[in-house]
Amino acid sequence: MNITLRVWRQKGPDDKGRMVTYKVEDVSPDMSFLEMLDVLNERLILEGEEPVAFDHDCREGICGACGVVIDGEAHGPETTTTCQLHMRSFSDGDTITVEPWRAKAFPVIKDLVVDRGAFDRIIQAGGYISAPTGTAPDAHASPVPKADADRAFDAATCIGCGACVAACPNASGMLFTAAKVTHLGMLPQGQPEREARVVQMVNQHDEEDFGGCTNIGECAAVCPKGIPLDTISQLNRDLLGSLSSGAAE
Amino acid sequence: MALKSAMAVTGVILVLFLIAHMYGNLNAFAGQEAFDTYSHHLRELGEPMLPHGGFLWIMRVVLLASVLIHTYAAVALWRRAGRARPVRYQVTKRVQRSYSSYTMRYGGIMIALFTVFHVLHLTTNTIHPGGRSESPYERMVAGFQPEFWYVTLFYVAAVIAVGFHLRHGIWSALATLGINRQSRQRSLNIIATVIAAALTIGFLLTPLSVTFGLVE
Numbered sequence: 001m002n003i004t005l006r007v008w009r010q011k012g013p014d015d016k017g018r019m020v021t022y023k024v025e026d027v028s029p030d031m032s033f034l035e036m037l038d039v040l041n042e043r044l045i046l047e048g049e050e051p052v053a054f055d056h057d058c059r060e061g062i063c064g065a066c067g068v069v070i071d072g073e074a075h076g077p078e079t080t081t082t083c084q085l086h087m088r089s090f091s092d093g094d095t096i097t098v099e100p101w102r103a104k105a106f107p108v109i110k111d112l113v114v115d116r117g118a119f120d121r122i123i124q125a126g127g128y129i130s131a132p133t134g135t136a137p138d139a140h141a142s143p144v145p146k147a148d149a150d151r152a153f154d155a156a157t158c159i160g161c162g163a164c165v166a167a168c169p170n171a172s173g174m175l176f177t178a179a180k181v182t183h184l185g186m187l188p189q190g191q192p193e194r195e196a197r198v199v200q201m202v203n204q205h206d207e208e209d210f211g212g213c214t215n216i217g218e219c220a221a222v223c224p225k226g227i228p229l230d231t232i233s234q235l236n237r238d239l240l241g242s243l244s245s246g247a248a249e
Numbered sequence: 250m251a252l253k254s255a256m257a258v259t260g261v262i263l264v265l266f267l268i269a270h271m272y273g274n275l276n277a278f279a280g281q282e283a284f285d286t287y288s289h290h291l292r293e294l295g296e297p298m299l300p301h302g303g304f305l306w307i308m309r310v311v312l313l314a315s316v317l318i319h320t321y322a323a324v325a326l327w328r329r330a331g332r333a334r335p336v337r338y339q340v341t342k343r344v345q346r347s348y349s350s351y352t353m354r355y356g357g358i359m360i361a362l363f364t365v366f367h368v369l370h371l372t373t374n375t376i377h378p379g380g381r382s383e384s385p386y387e388r389m390v391a392g393f394q395p396e397f398w399y400v401t402l403f404y405v406a407a408v409i410a411v412g413f414h415l416r417h418g419i420w421s422a423l424a425t426l427g428i429n430r431q432s433r434q435r436s437l438n439i440i441a442t443v444i445a446a447a448l449t450i451g452f453l454l455t456p457l458s459v460t461f462g463l464v465e
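First to last, the protein sequences are chains A and B.
All residue numbers for the first sequence refer to my numbering, where the first residue is 1 and numbers rise by one.
All residue numbers for the second sequence refer to my numbering, where the first residue is 250 and numbers rise by one.
A portion of the hints provided could be inaccurate.
BS3-like cross-link-like pairs, simulated, lysine-lysine; straight-line CA separation at most 25 Å [stated by the list, open to error]: (1) A:LYS16 to A:LYS104; (2) A:LYS23 to A:LYS110; (3) A:LYS104 to A:LYS11; (4) A:LYS110 to B:LYS342; (5) A:LYS16 to B:LYS342; (6) A:LYS11 to A:LYS23; (7) A:LYS11 to A:LYS146; (8) A:LYS110 to A:LYS16; (9) A:LYS23 to B:LYS342; (10) B:LYS342 to A:LYS104.
Please keep in mind that the hints were generated in silico from the structure rather than gathered at the bench.
Note that the coordinates shown come from a computational prediction; the quantities given were computed from them, not determined experimentally.
Full structure from sequences and hints, please.
Written as structure tokens, this is what we have:
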């Protein structure tokens, strides 16, 4: 396959940045999207040019490091991570536009690499449980209903890739925040801090300059882990409950 | 969050008002007397506990406050969204979002402008195509005559905009108030569509019936 790539190039955080067009030839349909970028980069290095910087780590769809907007869709046309997207999802001769996640909270470091530290700070604000000391409790000491455990687990599969923010027309990080609030809120271990957690995490979310959620649902549609949209409603429920009881003060 | 809750609650108030407003409009099909009496009774509602027109003024204050809060919250969230994405994408694609969800803000502006016109037209009668009248029924019938087709057209466009606005708005308000669950998501969306469609059709019936001579 021969592909024309339009890639966002930006030398550093203060550079203005621009789209640059590259031809990538002899692309195998079995290559992953990142492997195709590797091929381009090897060529750029040989030609003495700066390779295109992009984030990646496990390349198995479980770490959440990779992620770019491909033809206007976070992680591209398949509902998966960019590393698990293959070139067979495109056709020979396609022109593909590649852009970094666009959000004030995710400033571009270089080319396609953004700083997602805002997510870490949201987790630091309340995405944890108080650590009990002593020996590990018996596995059956605090029973969890199957449905609750499943839901907690579904929410816990969030890998923090940031596609929800990238896809949101408001650049809101609500799905990410809601996934963690739901994960911990469904389990007995998460109860002591439950009311304070939701308020602190949402406050941090807003402080990081993410936009507000308007329930459009693009986040859940592009989420490679299928975090359900209703986690946001669960967060809202917890938040309204917490604010009205005043427990968060 | 306070903004979004305010948006949702005031939105619900406005939807409830629209349902009552549509019921009032449909009285037109029962003739001039029924329509004018209904309008008159609105002013007598709550008497003698309330002064003449007292109920109506309470409603007006509540509605105006709702509209102002709704608008303020919308503008604040809009500005926040703008700040949250200072560099825009070169290519964007709708994955699943509906037409109504991405026209909320522009639709809202159109509805606000329409509401001003609508109040000047049929409430205060400052704008009076087809002549002034003391009878609300005559004001309405005169305003939607075929020769004022542009007035009717504006109403039709605005009512359709309201329909789209409600389609996403009702769903969004319910989700913001924490009512959405995965098992209910489909039902909530259907409820939003049904209410939006019912209000759109209900509001279109009266002016179009006048224009096409079914109500005289």
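A quick look at each hint next to the structure:
{"no.": "1", "hint": "A:LYS16 to A:LYS104", "in the structure": "holds (14 Å)"}
{"no.": "2", "hint": "A:LYS23 to A:LYS110", "in the structure": "holds (21 Å)"}
{"no.": "3", "hint": "A:LYS104 to A:LYS11", "in the structure": "holds (18 Å)"}
{"no.": "4", "hint": "A:LYS110 to B:LYS342", "in the structure": "holds (24 Å)"}
{"no.": "5", "hint": "A:LYS16 to B:LYS342", "in the structure": "holds (24 Å)"}
{"no.": "6", "hint": "A:LYS11 to A:LYS23", "in the structure": "holds (20 Å)"}
{"no.": "7", "hint": "A:LYS11 to A:LYS146", "in the structure": "violated (50 Å)"}
{"no.": "8", "hint": "A:LYS110 to A:LYS16", "in the structure": "holds (11 Å)"}
{"no.": "9", "hint": "A:LYS23 to B:LYS342", "in the structure": "holds (23 Å)"}
{"no.": "10", "hint": "B:LYS342 to A:LYS104", "in the structure": "holds (20 Å)"}
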